[in-house]
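J.: So you can see what is in the structure, the chains are spelled out below.
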Amino acid sequence: MTTPGTPIMPLDDVRIIDLTHMTAGPFGTRILGDYGGDVIKIERPETGDPTRSMPPFYKDVPGLERSGLFMFLNTNKRSVTLDLKSERGREIVKELVKGAQIVVESFSPGTMEALGLGYEDLKKINPKLVMTSVSNYGQDGPYRDYIGIELNLYAMGGSMISSGDADNEPLKTAGRMVSYHAGYAAALASALGLFQVEFRDADGDYMDVSVFETAMHSIDMRLGRLMGYQYTGHLGTRPGRAVAVGGGVHPCSDGYFLMTGGPRFIPNIIRMIGMEELLETPEWGTAEGRAEPDRIDEFLAYIVPWTLERSKEEVRAACEEFAVLGGPLNTIEDLINNPQFMARNYFQEIDHPTTGPIKYPGYHHKLHREGAEMPKRRRAPLLGEHTGEVLTELGLSAEDIAGLRADGVV
Amino acid sequence: MTADNSSVNSLGAPNPGNPTKPDPDLPLAGMRIIDFTVVFAGPYGTMQLADWGAEIIRVESTTHFASTTRGMLARPALATVQAQTNMGMGMPDSEPGERPWNRSAVFNAHGRNKLSMTVNLRTEEGQEALERLVAVSDALVENNLPQSMERQGITWERLSEINPKLIMIRMPAFGLDGPYKSYRSWGNHMEAISGHPLIRTYPDLSPEYAPAGVPSDAASGIGATLAFLMGKRYLKRTGKGLLIEAPTAENFVPLLGDFVMDYSMNGRVWTQMGNNHFYLAPHNVYRTQGEDQWVTIACRNEEQWQALCERMRHPELVNDPRFKDNESRFENRAELDVIISAWTAEKHASWIMEQLQLVGVPSGAVINERDATEDRHLEHRGFFTRVTHPEAGTHKALMTPFKSMNNPGVGPRRHSPRLGEDNEYIYKSVLGYSDEEYAEFDKKGHIGMDYDPSIP
Numbered sequence: 001m002t003t004p005g006t007p008i009m010p011l012d013d014v015r016i017i018d019l020t021h022m023t024a025g026p027f028g029t030r031i032l033g034d035y036g037g038d039v040i041k042i043e044r045p046e047t048g049d050p051t052r053s054m055p056p057f058y059k060d061v062p063g064l065e066r067s068g069l070f071m072f073l074n075t076n077k078r079s080v081t082l083d084l085k086s087e088r089g090r091e092i093v094k095e096l097v098k099g100a101q102i103v104v105e106s107f108s109p110g111t112m113e114a115l116g117l118g119y120e121d122l123k124k125i126n127p128k129l130v131m132t133s134v135s136n137y138g139q140d141g142p143y144r145d146y147i148g149i150e151l152n153l154y155a156m157g158g159s160m161i162s163s164g165d166a167d168n169e170p171l172k173t174a175g176r177m178v179s180y181h182a183g184y185a186a187a188l189a190s191a192l193g194l195f196q197v198e199f200r201d202a203d204g205d206y207m208d209v210s211v212f213e214t215a216m217h218s219i220d221m222r223l224g225r226l227m228g229y230q231y232t233g234h235l236g237t238r239p240g241r242a243v244a245v246g247g248g249v250h251p252c253s254d255g256y257f258l259m260t261g262g263p264r265f266i267p268n269i270i271r272m273i274g275m276e277e278l279l280e281t282p283e284w285g286t287a288e289g290r291a292e293p294d295r296i297d298e299f300l301a302y303i304v305p306w307t308l309e310r311s312k313e314e315v316r317a318a319c320e321e322f323a324v325l326g327g328p329l330n331t332i333e334d335l336i337n338n339p340q341f342m343a344r345n346y347f348q349e350i351d352h353p354t355t356g357p358i359k360y361p362g363y364h365h366k367l368h369r370e371g372a373e374m375p376k377r378r379r380a381p382l383l384g385e386h387t388g389e390v391l392t393e394l395g396l397s398a399e400d401i402a403g404l405r406a407d408g409v410v
Numbered sequence: 411m412t413a414d415n416s417s418v419n420s421l422g423a424p425n426p427g428n429p430t431k432p433d434p435d436l437p438l439a440g441m442r443i444i445d446f447t448v449v450f451a452g453p454y455g456t457m458q459l460a461d462w463g464a465e466i467i468r469v470e471s472t473t474h475f476a477s478t479t480r481g482m483l484a485r486p487a488l489a490t491v492q493a494q495t496n497m498g499m500g501m502p503d504s505e506p507g508e509r510p511w512n513r514s515a516v517f518n519a520h521g522r523n524k525l526s527m528t529v530n531l532r533t534e535e536g537q538e539a540l541e542r543l544v545a546v547s548d549a550l551v552e553n554n555l556p557q558s559m560e561r562q563g564i565t566w567e568r569l570s571e572i573n574p575k576l577i578m579i580r581m582p583a584f585g586l587d588g589p590y591k592s593y594r595s596w597g598n599h600m601e602a603i604s605g606h607p608l609i610r611t612y613p614d615l616s617p618e619y620a621p622a623g624v625p626s627d628a629a630s631g632i633g634a635t636l637a638f639l640m641g642k643r644y645l646k647r648t649g650k651g652l653l654i655e656a657p658t659a660e661n662f663v664p665l666l667g668d669f670v671m672d673y674s675m676n677g678r679v680w681t682q683m684g685n686n687h688f689y690l691a692p693h694n695v696y697r698t699q700g701e702d703q704w705v706t707i708a709c710r711n712e713e714q715w716q717a718l719c720e721r722m723r724h725p726e727l728v729n730d731p732r733f734k735d736n737e738s739r740f741e742n743r744a745e746l747d748v749i750i751s752a753w754t755a756e757k758h759a760s761w762i763m764e765q766l767q768l769v770g771v772p773s774g775a776v777i778n779e780r781d782a783t784e785d786r787h788l789e790h791r792g793f794f795t796r797v798t799h800p801e802a803g804t805h806k807a808l809m810t811p812f813k814s815m816n817n818p819g820v821g822p823r824r825h826s827p828r829l830g831e832d833n834e835y836i837y838k839s840v841l842g843y844s845d846e847e848y849a850e851f852d853k854k855g856h857i858g859m860d861y862d863p864s865i866p
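Residue numbers (our numbering), protein chains in the order written: chain A, 1 to 410; chain B, 411 to 866.
Hints are not guaranteed to be accurate.
Mimicking BS3-like on lysine-lysine, the simulated pairs with C-alpha atoms at most 25 Å apart in a straight line are [unchecked claim]: (1) A/K366 - A/K376; (2) A/K128 - A/K98; (3) B/K853 - B/K431; (4) A/K128 - B/K646; (5) B/K431 - A/K366; (6) A/K94 - A/K59; (7) A/K359 - B/K646; (8) A/K98 - B/K646; (9) A/K59 - A/K85; (10) B/K806 - A/K376; (11) B/K650 - A/K376; (12) B/K650 - B/K575; (13) A/K124 - A/K94; (14) A/K98 - A/K85; (15) B/K854 - B/K806; (16) B/K806 - A/K366; (17) A/K366 - B/K575; (18) A/K123 - A/K94; (19) A/K366 - B/K650; (20) A/K98 - A/K59; (21) A/K85 - A/K123.
Because the hints were derived from the structure by calculation, they are not lab data.
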């Protein structure tokens, strides 16, 4: 996909056959696309990836080319519709696999094998192939066939038990974070497989990525908590509202502000709110004094009136000046208009026939290539937009393609 | 580049080999990576690189203690250790021991397979040692406040001149430029700025109760590992090294992609969702029998809803007008949650999970650390192994987060390095200093396994 003279992206000579759908797998192949990979997304004819039918929709009107979720997850991909239930559809997948370095799939365990497209089948036609499977619980084990959705995968894998307030129920993370994290791990697994093939002349490899395990491995630093439990015998708990002196979420004139307190940081907070004289007192002047549990409530009475008189941004600027660790509880609107993200042109405008140009989250990483900005992303494909193009690349004639269309294979 | 294990010292005896004994068949064997990472996001990245076979050299110092990497304080009081509520910061038997910095749970979890050297970079000879290390390494990974790296002379301009093939991965919170370049931040503050806790927190409570978990850190780590592989591929194709900037905030915002898109398309601002789904009901966590035990239950379609009603032995709910379709259930979800809670209250979370999964309803027990380390599925999958640490004892540790068929059983080969544990190997075998020169580094205070007594 490179035109001569264009500065290269690391994967712009790599082809990925993308048999993923929903959220986890597509998030991963999207990242391979960000790094320049030619991602060929295989979709079911007529309806496509189920996320095409999932909100948010542009102007809240449903439609296969209106889902923001789909548009977000599928930038830099080409869409080919293919009926995998048909023999000819599966033959086309095998033809595509011959010219690809990576296959990523996210069907229920066993599905690819049942279709004759399992790793053992595909490596016969491409011994250097890296195949990555993303599933909820992995390809084997007692939970293999459990139904996984974001909520129960976080409950089991993430550290939900430690998330939230001591006197209230455990909370999930926002949106689809656990699924996306697993997709990210699938991108890494695929790249690691490719590295073996190219740098160590290894055979292809099969990567088994489980959402449950990638979460357990360490959303919310869970690996530290698992070790900590074994060290201390104590189970993780949800912290109460204010657990450290000066710390917690404090109300401001226009919202809320998260601050990290504790005996080590409190002197800076005291200076920030202009109460240096406190540091001369026996209660506040020594680390031991500041560590007394009574100090927590006492200090709330000092700091809350101070934060209430200031905006989130004023508190943030003060934190920066006094080396206090904290951050405003922003809304997504605040985020998109945040001066830091604006200064770096982080959010990218991407044009789409349905929406016109709108803002998307930017790149995860910025490559400082000599004399080259990061490339612009291509919008998510319309359903089957590249079917003809990709089949032509495979050597099929216009007649062949018309026949496949007539038979509902593509 | 391969670690030169065959080098000899001035007496003709062999220098020490890599103490972590990397398996030459692992995918990243022969790669050497300089590790300036702190706290969790960066170390989780170099942990993946170490697990898959790279030689990771943590550059540390006996005169500087990076808080929260090897514990909150170098020498915490017994009472402070006992009062710790975040178990990631826990220590064996809740005792600081002789060298508390070798006993932090989270460090001892993510540090496995890595090496530790100590050097004082505020000296000429320290900087010379750094230059030697850069010259024989494939990459450098760091996640610090940008200027604190630059103050130590660690800049792309300098390092790429020493080693034009170097891959440098920098993971500042917000970026190497922009108004927040110098804004000191941990993962939780960065997530707050990025909008996460306000979406995540309780619908019916003040945002003062917002949770402070940090899912972003693990994603930053995975990203750093990927960035290394991408950098190596760029090098292979162009012959040039590469600086990859991976700000943790920019890496994290895509994990909130749904919310960015809804704002871009519809101007909608989601806040205080708690365990609510965007549109599905039921979708919540319910209290079960036992202390702080919970189970999640959700239904994505009518089939699952009917199965749930059957299993709760409340088939009449299917025809209840309040719950007749997803839209009605979503509207009346508070009433629905009361009914489900009444059913879950006297049952075991794991029993509910298994019963509901049997009939195809998505459900999961909210599993704590004990449940996790004893989980039968993870046991079957070989998720855990055991590692012995000389100052912390023997405990279960995790294998890699995904499995490779070519490389079964990849996980810890050695305990997390004690501060300065591998100085001799690194100074002599990697950097090529003689025994005399090493003794000189020792005399000048670079070498050590203890923090300077002045550090609290």
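J.: Given the proposed pairing of B/K650 with A/K376, does the C-alpha separation stay at or below 25 Å?
T.: The given pair, whose Cα atoms are some 23 Å apart, holds under the 25 Å limit.
J.: Taking 25 Å as the top limit, are the C-alpha atoms of A/K98 and A/K85 close enough?
T.: holds (20 Å)
J.: Just to be careful, I want the Cα atoms of B/K854 and B/K806 compared with a cutoff of 25 Å; is the pair within it?
T.: violated (39 Å)
J.: Quick one, are B/K806 and A/K366 close enough, alpha carbons at most 25 Å?
T.: violated (37 Å)
J.: Take a quick look at whether A/K128 and A/K98 sit within 25 Å of each other, Cα to Cα.
T.: holds (10 Å)
J.: Regarding the pair A/K128 and B/K646, is the alpha-carbon distance no greater than 25 Å?
T.: holds (18 Å)
J.: Decide if the proposed pair is consistent with the structure: B/K806 and A/K376, CA atoms, cutoff 25 Å inclusive.
T.: violated (45 Å)
J.: Keeping to a limit of 25 Å between CA atoms, is the pair of B/K650 and B/K575 held or broken?
T.: holds (6 Å)
J.: Is A/K123 close enough to A/K94, meaning Cα to Cα at most 25 Å?
T.: Holds, because 10 Å separates the two Cα atoms, which is no more than 25 Å.
J.: Can you confirm whether the C-alpha distance between A/K124 and A/K94 stays at or below 25 Å?
T.: Holds - the C-alpha atoms of A/K94 and A/K124 are around 10 Å apart, at most 25 Å.
J.: Does A/K376 lie within 25 Å of A/K366 when you go C-alpha to C-alpha?
T.: holds (12 Å)
J.: Just to be careful, I want the Cα atoms of A/K98 and B/K646 compared with a cutoff of 25 Å; is the pair within it?
T.: With a Cα-Cα distance of about 23 Å, the restraint between A/K98 and B/K646 holds, given a limit of 25 Å.
Figure legend: structure checked against the earlier numbered hints; hints not met, in rising order: 3, 5, 6, 7, 9, 10, 15, 16 and 20.
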